[in-house]
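Engineer: Next come the chains, spelled out residue by residue.
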Amino acid sequence: MASIVREMRRSIVRSSYSSIIYEGYDFSCVLVDAAGRLVAQSGEDHPFHIIPVAWSVKGLVERGIEVDDSSVFLHNDPYTGGTHLNDVAAIWPVLEGGQPILHVVVRSHWADIGGMSPGSLSGGAREILQEGLRLNHIRVPRQGTSDALRVILDNIRAAGDAASDLNAVFGICRVAERRVRALFAKYGTSAVLHAIEDIFTASERRMRKALEALPDGEWTHRAYLDGTAAAGSPLPVQAQLTVAGGRARVDFTGTAPQVAAPLNAGPAIGPTSVLTILKSFLDPGGVINDGTLRCFDVVVPPGTILSATPPAPCGGLNEVRFAADAAVMGALAKVAPDRLTGDVRGTSNHTYIGGRSPAGRPFIFYEYPSGGTGGSRVGDGNHAVRAFNEGENVSIQSAEVVEVIYPLRILQNELRPDSGGAGTRRGGCGLIRRVLVETDEATLSVLSDRNLVPPGGVNGGVSGAPNRYEVWREGAPLRISDFPGKVTLFPLRRGDVVVMRSSGGGGFGDPAARDPALLSADIADGVVTEAGRAAYAPPASAPVVIARAEMPAPHLARLTRDLAEAHGLQAGEIFELLAGSGPAMRFWAAELVDEPGQRLWVHPEAALGDAPLRLRPLFQHVPRGTPA
Amino acid sequence: MAGALLIGIDVGGTFTDLIAYRTDTGAVSAHKALSDRRRPDEGVLAAIRAAGLDPARIGLVVHGTTVATNALLERRGSEVAMVTTEGFRDVIELGRTTRLVPGTLYDPYFRKAPPLVPRHRRFTLAERVSTAGEVAQAPDPAEIARLAVAIAASGAEAVAICFLNSFRNDANEEAVARALGGTLRYVTTSSRVQREIREYERFSTTVANAYVMPVMAAYVERLLGALRGGGCDAPFYTMASNGGLMSTTTVAAHPVRTMLSGPAAGLAAAVRFGAETGCPDLITYDMGGTSSDVALISGGEWMLRREVVIQGMVLRTPQIDIHTIGAGGGSIAEVDAGGALLVGPESAGSTPGPACYGRGGTHATVTDANVVLGRLGEGQTLGGTLEIGAEAARRAVGRLAERLGTSGEAMAQGVVALAVAKMAAAIYEISVARGRDPRDYALVPFGGAGPLHACEVAAELGIPRVLVPPSPGTFSAFGALCSPLIKDRAVTLLAALDDTAAARMQALAAEFAAGLREEFRAEGVDTARFETMLQLDARYLGQAHELTVTLPGEFTAAAARAVFEGAFAREYGRLDSGRDVEVVNLRVIGRILILAPAIAAPAAQAAPAGRRRIWLDGAWTEAPVHRREALVPGIHLHGPAIVEEMSATLYLPPGWSLALGAKGELDLRHHDVAGRMLAAE
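Residue numbers (this note's numbering), protein chains in the order written: chain Z, 1 to 628; chain E, 1 to 681.
It is worth saying that the hints were derived from the structure and are not from the lab. Each hint should be verified, as a subset may be incorrect.
With a straight-line Cα cutoff of 30 Å, these simulated DSS-like cross-link-like pairs (lysine-lysine) come out [to be verified]:
id : chain 1 : residue 1 : chain 2 : residue 2
1  : Z       : K209      : E       : K663
2  : Z       : K209      : Z       : K58
3  : Z       : K186      : Z       : K58
4  : Z       : K334      : Z       : K186
5  : Z       : K186      : E       : K422
Can you make the complete structure from the sequences, with help from the hints?
Structural biologist: Structure, rendered in structure tokens:
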């Protein structure tokens, strides 16, 4: 089964027309059973596609839609298990005696699915209608065209490539169906179906064993999205992790209500986070199928950014998912701190430059630069590479190919020094990419988060630098949006330079305990600059933290003015408290009080289990006065 | 060359194999010596000594080497500096921003292997070539001079010069190479190593080339020095990853092209073997201790691919398209936490090795499972040295069986079945998944463990015929003697396939062919048998990945399109007829066949056949055991039977028959030709 889906993957990559597929590998090939249960995936599929794919099939089954062997069903609706509208699942039922016995599903990211901006994703969407077409199990023929297919292709950009890719996807589903049928013919239908049940049971047993290794108990952590100008800032995602008797329950109650900005996700995303994090840290080697999922109970309250209802836009579902990942990781860090790593990029960094070349040819350039990964007990994080929860997508294109295809020139593609979070084990650095625009007809759209709240460290490790976007014109940066990381259709000119900086990974352990030889090597390599060395110095003093129930929210803190001044912190700014064990805790300086004593007050729910070693302001990477 | 000896050598991890071919009598002899991992040249010389050969009578030495591969895998290469375009210092480190290491998704502790050149030895220069190939900015000579000092101070032995768009115009790279060549012996440039678009792949390959250059040069110098000192002045060639031979000049300049030197020799042997036995369509199956390689040969030609990934690094050089899986005779069988049986990728290697080797191994391996089933016998020696201990194998497999509550024999059957399924899946991916029906091919097993599983692998795929070559354990060394000299030259075109492009391609091909012939001549090679092959990497306009097809010497745009679409339809089962075809790279391959020995059966020796108990379908059965040397023409065996020889053991299951071919090959036929895996297709 797994080899069928691996073969599907390979064929799709090699024959695709969309760079997001052939370079980005942003698609998944999955087999799902008649009841909508996940049977097999290739092992290379993007984690965030896998559970949603099974939901998409479950939806088809539950709707009672009549299937036949001449139809495929397209699904991308976030509210019924999809991700964002660009990710379209093609569900190809394999029938025996008129009944589906398995479903072959390919979920692939379309370069465009309609909506208000080229590429469909942008930080400016207020409702889902601006993000493109919603497809709820739309029947299209396996061969030829239909009214529904014409409606779809008439309402998206780059329709020619989409049609070719869809044709390729169908061709691959056809091959996969043949292989599935060969398997059933060889062993007999009921024997294969029984074997699938056995596989589920074995996977469940394996995951349960991994969970049994944890002590029973309950741990809660909150992670934050930057938010947007329209939706406010920050947006919390709260995870309460309960482990008991080989089962894990994660309750996301306490997560922010849904917003009129593309920072929402559908109901399949919370379970996806739980699976990704618990599997990665507890049992990275196991396969994923319905059996793995049986060990988890996930509670996601509807109407929150983790289970949005129409018309909340869901373009940035990944931003929400990464915040959920961070929340579950933080909770896990409180029970198994040594196993954790510093956090990762935490956003997709969707970056679109679209328009027309000087010759009048339309183009969409799409990249989503990877960031550094977190430090861990085994060593430093990696520089700008796909993290464990991000699949294996190629996030940047060849500079030489870009120059041939687009009216753009890559001026720089390098590591971003000092971006890796300081720690005993340093987080990996992000990257910096400068793109010169060589046409007068182009716009920039960006959907990125963690531009304010960077990927956090663990066990005293410091945050990585946040993601950051700029456009430079005639030697000066421009104001490109009213909120960092959320840019919609900013007009570009020939000679403009778009600068993308991706985040560094969070550090692991106290930076002051880093081996001086490793620090010297980092400086020799220019990964840490002389100025960046300061992050490794021991703190002058540890702040006194007082838990107070009257604090209005868990993310708000009251500081004495002397403490704020000692750290150059102003009211409204964000800082973090780092303890020797557990995740970095983030706070906003809500109020400064004229009392001496270098103290601060926080909400009891946000109190640290361990005494803080260090207070660290987080605005340093976004200098005040610089346009975002 | 009457009376001359042609020597083929395969330097492996444990043994260095040598095949000597006498041109006057056609006699072939095989020899083995222990490899010396630190000084592989010593192993080669030891093998020549062990064979008792007179160096003065040697007429040709061809060898497959793992020197560069091991230097890279074990990170024992040289200190390399890199000079690259300003702004692109970290291309080799960022790569595709992917891990490129299978099985690392969901692994939060994954650590990327450090790049071959540390950041402090990656220098940048302000220079730029435009995408049209114009020098937009030439490097400043004063800057180059400053750089030369910095590189010398960095302690680098070798330098890789890697500039953006140099595949269009190498002027800037060459200018810097000239300047640095004065102070550094090992200088390589990206346009010399791999002149194709995509900077990461080109730079990464170039840096790897620089990394292994000094190691390879030292090895070749020592070996050649010793051979010449011993009175052997025969031409000396090295197998390249693409299955061709390289002169010592080329090897010294492009050692990165030897990464698949060993496996390439195996394919060359298979092509020769196919030609001799009249069977040009083969699937090769080389099963060793830790891994297995499978490859497809169609119409007497192996498939080539453009890159390989090693430790997360992309190396883009033309190479044989082999599919390697981490399962071999030494692969360990395990039961995971959920109770599922696994075979590999963990391997017991050769030390301690499988439990039955009696060298301290306690894990049950595929080899142990074969011992439990009686396919490998108590007291039998493997490779002429290792004696099998059946009791240790039974203990190891028994422990595993207990955990799953089954018998040792059933467990062993399960382990072998799983290993066989993995091999079959690997062959499926290189055949069916690429539009080829494996039933149209004969399976050629070699390596120590290949013949042991070949019939079952073949049955799984419905392959009706297995051809076991003579001396399967030294087949790769034989292959070194069967290969042509190969050179190639390529250019990136990126143009629509029309009549203008077709005409331009043919003009370029003629120019390249003349250049390649001249290169051979400059190396003192007789070019009378020079021939060329024209390859095109093409795609539908708008795609990013190309298919490689072979074109005839003369063609129209329409004919070239038809060749491309034929390949596309085979690969993907569909066409996009409405779209233009884009030609990406044109490659001319020049070949000269030196000499190929005939395949000959070893002289028959009288050896008694015995009998052994084997486990078959849930019960013990007596099966005859034959010595391969004792098989005589006209013999016809039916399975179950075992055939043993020095370098390998063959298991012939029920339903299969065996005949001895004219060239000494064992011709195995399956009588249930339907096959199971493909029955429904």
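Engineer: Checking one constraint from the list: CA of Z/K186 to CA of Z/K58, max 30 Å. Satisfied?
Structural biologist: holds, 27 Å
Engineer: Please verify whether Z/K334 and Z/K186 have alpha carbons no more than 30 Å apart.
Structural biologist: Outside the cut-off at roughly 50 Å; violated.
Engineer: Is the Cα-Cα distance between Z/K209 and Z/K58 30 Å or less?
Structural biologist: holds, 28 Å
Engineer: Going straight from one Cα to the other, do Z/K186 and E/K422 come out at no more than 30 Å?
Structural biologist: holds, 17 Å
Engineer: With a cut-off of 30 Å on the C-alpha distance, tell me whether Z/K209 and E/K663 pass.
Structural biologist: violated, 57 Å
Violated hints, in rising order: 1, 4; the structure is consistent with all others.
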